Amino acid sequence: MMTNETQKVLTVSAIEDGTVIDHIQSGQALRIVRLLKLSHHPQRVSIGMNLPSSRFGLKDLIKVEGKELTPEETNQIAIFSPQTTLNIIKDYRVIKKFTVTLPEVIENILECPNPHCISNHADTNHTLYVNRVRGKIQMRCKYCDKLFTQDEFNESFAC
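For the sequence shown, our numbering begins at 1326 and goes up steadily by one.
The hints are simulated quantities; they were obtained by calculation from the structure and are not laboratory data.
It is possible that some hints are incorrect.
[As the list claims (entries may be wrong)] In silico DSSO-like links for lysine-lysine, alpha-carbon gap of 27 Å or less:
1) Lys1471 x Lys1461
2) Lys1362 x Lys1415
3) Lys1392 x Lys1421
4) Lys1421 x Lys1467
5) Lys1362 x Lys1388
6) Lys1467 x Lys1362
7) Lys1415 x Lys1392
8) Lys1421 x Lys1388
9) Lys1388 x Lys1415
10) Lys1362 x Lys1461
11) Lys1362 x Lys1421
12) Lys1471 x Lys1422
13) Lys1388 x Lys1422
14) Lys1422 x Lys1467
15) Lys1471 x Lys1415
In this text, all values refer to a predicted model and were calculated from it rather than measured experimentally.
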């Protein structure tokens, strides 16, 4: 039994070189891992879910050793968690910190959720136009012109 005087703290070790994806919207870490194909990354990937956050209440966190994310990858993260911050780590020190930027257009990342959309049946690019309406992210398909929220996209990514 744990007393008020005794606390257990579990920590994830610091990384020497890589990227810390922080302030991920709670519940989105696994989606981002799949989106960025981090399960195929040859080095350590640490995932924290539902961690306490003074800014958001709860947050997720991903530490990726030996990888600096590309601008395209950071834009992909913004689709599902626009408040996410990235920390680029070199020699155990943060050398760059920034917030992801929501792209205006997403190409070949997500498939249109409309099963009748031509983009899902023809050899064509998957193109979505991104807007933020009253704090919610919405995406409109270039081909069928239907509007979707981020929650309507399943786990099948176009790439």
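Now the hints, each set against the structure:
1. Lys1471 x Lys1461: holds, 16 Å
2. Lys1362 x Lys1415: Holds, because 22 Å separates the two Cα atoms, which is no more than 27 Å.
3. Lys1392 x Lys1421: holds, 14 Å
4. Lys1421 x Lys1467: violated, 35 Å
5. Lys1362 x Lys1388: holds, 14 Å
6. Lys1467 x Lys1362: Roughly 25 Å separates the two Cα atoms, so the pair holds.
7. Lys1415 x Lys1392: holds, 10 Å
8. Lys1421 x Lys1388: holds, 15 Å
9. Lys1388 x Lys1415: holds, 13 Å
10. Lys1362 x Lys1461: The hint holds at about 25 Å.
11. Lys1362 x Lys1421: holds, 23 Å
12. Lys1471 x Lys1422: violated, 35 Å
13. Lys1388 x Lys1422: holds, 14 Å
14. Lys1422 x Lys1467: violated, 33 Å
15. Lys1471 x Lys1415: Given that 27 Å is the threshold and the Cα spacing comes to 43 Å, the pair is violated.
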